[in-house]
Amino acid sequence: MQVPAPFEYERATSVDHAIGLLSRRGSTARLIAGGHSLLPMMKLRLANFEYLIDINDLHRELGFIKVEPTLVRIGAMTRHRELLESDDLRRMFPIFNDAERVIADPLVRNRGTIGGALCQADPSEDLSAVCTTLDATCVIRGPDGERVVTMAEFYRGPYETAVGADEILIEIRIPVWPNGSSAFEKLGRRAGDWAVVSCGAAVWLDDGLITDARVGLAAVGPNTTGIPAVSLALQGRAPSEELYAEAGEIAARSCTPVTDQRGSAAYKRHLAAELTRRALRRAVARIRGEER
Amino acid sequence: MRVTMRVNGNDVTREIEGRLLLVHFLRDHLGLTGTHWGCDTSNCGACAVWLDGEPVKSCTVLAAMAGGHEVRTVEGLERRGELDAIQRGFMECHGLQCGFCTPGMLMTTRALLDRHPSPSEQEIREAISGQVCRCTGYATIVRSVQWAAAEQAGTRTTIAANETS
Numbered sequence: 001m002q003v004p005a006p007f008e009y010e011r012a013t014s015v016d017h018a019i020g021l022l023s024r025r026g027s028t029a030r031l032i033a034g035g036h037s038l039l040p041m042m043k044l045r046l047a048n049f050e051y052l053i054d055i056n057d058l059h060r061e062l063g064f065i066k067v068e069p070t071l072v073r074i075g076a077m078t079r080h081r082e083l084l085e086s087d088d089l090r091r092m093f094p095i096f097n098d099a100e101r102v103i104a105d106p107l108v109r110n111r112g113t114i115g116g117a118l119c120q121a122d123p124s125e126d127l128s129a130v131c132t133t134l135d136a137t138c139v140i141r142g143p144d145g146e147r148v149v150t151m152a153e154f155y156r157g158p159y160e161t162a163v164g165a166d167e168i169l170i171e172i173r174i175p176v177w178p179n180g181s182s183a184f185e186k187l188g189r190r191a192g193d194w195a196v197v198s199c200g201a202a203v204w205l206d207d208g209l210i211t212d213a214r215v216g217l218a219a220v221g222p223n224t225t226g227i228p229a230v231s232l233a234l235q236g237r238a239p240s241e242e243l244y245a246e247a248g249e250i251a252a253r254s255c256t257p258v259t260d261q262r263g264s265a266a267y268k269r270h271l272a273a274e275l276t277r278r279a280l281r282r283a284v285a286r287i288r289g290e291e292r
Numbered sequence: 001m002r003v004t005m006r007v008n009g010n011d012v013t014r015e016i017e018g019r020l021l022l023v024h025f026l027r028d029h030l031g032l033t034g035t036h037w038g039c040d041t042s043n044c045g046a047c048a049v050w051l052d053g054e055p056v057k058s059c060t061v062l063a064a065m066a067g068g069h070e071v072r073t074v075e076g077l078e079r080r081g082e083l084d085a086i087q088r089g090f091m092e093c094h095g096l097q098c099g100f101c102t103p104g105m106l107m108t109t110r111a112l113l114d115r116h117p118s119p120s121e122q123e124i125r126e127a128i129s130g131q132v133c134r135c136t137g138y139a140t141i142v143r144s145v146q147w148a149a150a151e152q153a154g155t156r157t158t159i160a161a162n163e164t165s
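Protein chains in written order, with this note's numbering: chain A, 1 to 292; chain B, 1 to 165.
No lab work stands behind these hints, which were simulated from the structure alone.
Be a bit skeptical, because a hint or two may be false.
To be verified - Which chain B residues face chain A? A few, computed with CB under 10 Å, are given here:
#	residue
1	GLY18
2	LEU21
3	THR33
4	GLY81
5	LEU96
6	GLN97
7	CYS98
8	THR108
9	GLN131
10	ARG134
11	CYS135
Said to hold, decoys possible - Residues from chain A that keep clear of chain B, each with C-beta distances beyond 12 Å, as calculated:
#	residue
12	PRO4
13	LEU38
14	PHE64
15	PRO106
16	VAL108
17	ARG156
18	PRO175
19	ALA265
20	GLU274
21	ARG281
22	GLU291
All residues carry an ideal CB built from backbone N, CA and C; glycine is no exception.
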């Protein structure tokens, strides 16, 4: 029987209340949202905390997807299922729908949250790749107010983020640019599993040429990896199979996979190239209305 | 700590440890052993129950987190001694052999039918994709849900056990 080591349970009633509890408890405390990463780790004693602060009541405050003219704001307590079922996200950023369909399973998606997924900072976590691809920023609130960090600043290594011991991730912001689309490709060993490699791509076109493109890869480095070299190679050029292949080669060269039980480093590099090609191809097809 | 929640329509209050998992609260503290305790790692789905109307894996929810909320277990499916259509579907179409996954399967497919009264085979398979059955190969589970959907819609014309599809 697997149970976590003893801890004290408290429930936060607001973001500020949660920050107050964290400030008092320090690094012996941890926020629990969906709990589907934290509780398994606590059962295995890979994580041990004396206090768990349940923030599920904050879904009222932090469960939202708000579309603004230049920005989509997603509250940190928005659950996977809500991301999957959002018509706004499906229309503006289909990469979310692609990814959510292959994240865990429907029951887990009923509980897990985007904030929890990002804060877990698992190198193989799919939403991290989505947010990196979309050039998202993270709003972190603490006793001294709010700060906004890029995804590159957010990640500090496997399972480590910029969120301090007395801080809470409250919102993810995604910039909106016209005439773009996105896609997500993942290869796992079985349905609902972590990625062997997963890849997001976002492309923006103007007059048939790529004005900007971004690729984000998960499971091929200590954290989700954005590949700036891919963006540089694609800007100003017309989409083509040759160009996708070139981008794929850059992605394969730029990532740092390791051999583990999910596959060899060489196989993961191969996947990084192939999934980059597929994701770019699909994103472009979506801009052109050739694919949903 | 003290926790109060509504389980199958009844308010219950118990003194528990913060680390107690919902599945053990239901089975050991309330005696509701219909909910099965399987893999312990949120993979198998045998422990699926409803939390505020949505199926969740109760091995990965703290009992404390369910405090103030509404839980429904497989014991809460029958009404006034009459089995739910989904339960009858599993009986009619051999939706189980050993029965270990069945309570979880019943809870997720009941939730599916509440949202989509006539789901496609693909939708049924997606709905149970977080649960493991080692007996049926899922084919008879799909058929059981289709039976229940037809039963509820009043369109069931043949006896499912004789169907060969």
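To see whether the hints hold, each was checked on the structure:
Against a cut-off of 10 Å between C-beta atoms, the interface hint on GLY18/B holds, since the closest Cβ of chain A lies about 3 Å away. Among the interface hints, the one on LEU21/B holds; its C-beta lies about 6 Å from the nearest C-beta in chain A, closer than the 10 Å criterion. The interface hint given for THR33/B is violated, since its Cβ lies 15 Å from the closest Cβ of chain A, which is over the 10 Å cut-off. Among the interface hints, the one on GLY81/B is violated; its C-beta lies about 29 Å from the nearest C-beta in chain A, farther than the 10 Å criterion.
A least Cβ separation of about 19 Å between LEU96/B and chain A goes past the 10 Å threshold, and the interface hint is therefore violated. Restraint check, GLN97/B versus chain A: the minimum CB separation of about 22 Å is more than 10 Å; hint violated. Taking 10 Å as the C-beta contact cut-off toward chain A, the hint placing CYS98/B at the interface is violated, the least distance being around 21 Å. Taking 10 Å as the C-beta contact cut-off toward chain A, the hint placing THR108/B at the interface holds, the least distance being around 7 Å.
Because the beta carbon of GLN131/B sits about 8 Å from the nearest beta carbon in chain A, less than 10 Å, this interface hint is met. Because the beta carbon of ARG134/B sits about 15 Å from the nearest beta carbon in chain A, more than 10 Å, this interface hint is broken. Hint status for CYS135/B: violated, given a least beta-carbon distance of 19 Å to chain A, over 10 Å. For PRO4/A, the non-interface assignment is contradicted: its Cβ lies about 5 Å from the closest Cβ of chain B, within the 12 Å cut-off.
In this structure LEU38/A is not separated from chain B by more than 12 Å, as the shortest Cβ-Cβ distance comes to only about 9 Å. Listed as outside the interface, PHE64/A is consistent with that label: its C-beta sits roughly 18 Å from the nearest C-beta of chain B, beyond the 12 Å cut-off. Remark: the non-interface label on PRO106/A conflicts with the geometry, its nearest Cβ contact in chain B lying 6 Å away (cut-off 12 Å). Against the 12 Å criterion, VAL108/A falls within the reach of chain B, whose nearest CB is about 6 Å from its own CB.
Remark: the non-interface label on ARG156/A is consistent with the geometry, its nearest Cβ contact in chain B lying 26 Å away (cut-off 12 Å). With a least CB separation of 32 Å from chain B, PRO175/A remains clear of the 12 Å interface cut-off, as annotated. Under the 12 Å C-beta cut-off, the non-interface status given to ALA265/A relative to chain B holds; the minimum distance is some 27 Å. Distance to chain B confirms GLU274/A as a non-interface residue, since its nearest Cβ pair spans about 25 Å, more than 12 Å.
Consistency note on ARG281/A: stated as away from chain B, and its beta-carbon is indeed over 12 Å from all of that chain's, at 25 Å minimum. With a closest Cβ-Cβ approach of about 19 Å to chain B, GLU291/A is found to remain outside the 12 Å limit, as its non-interface label requires.
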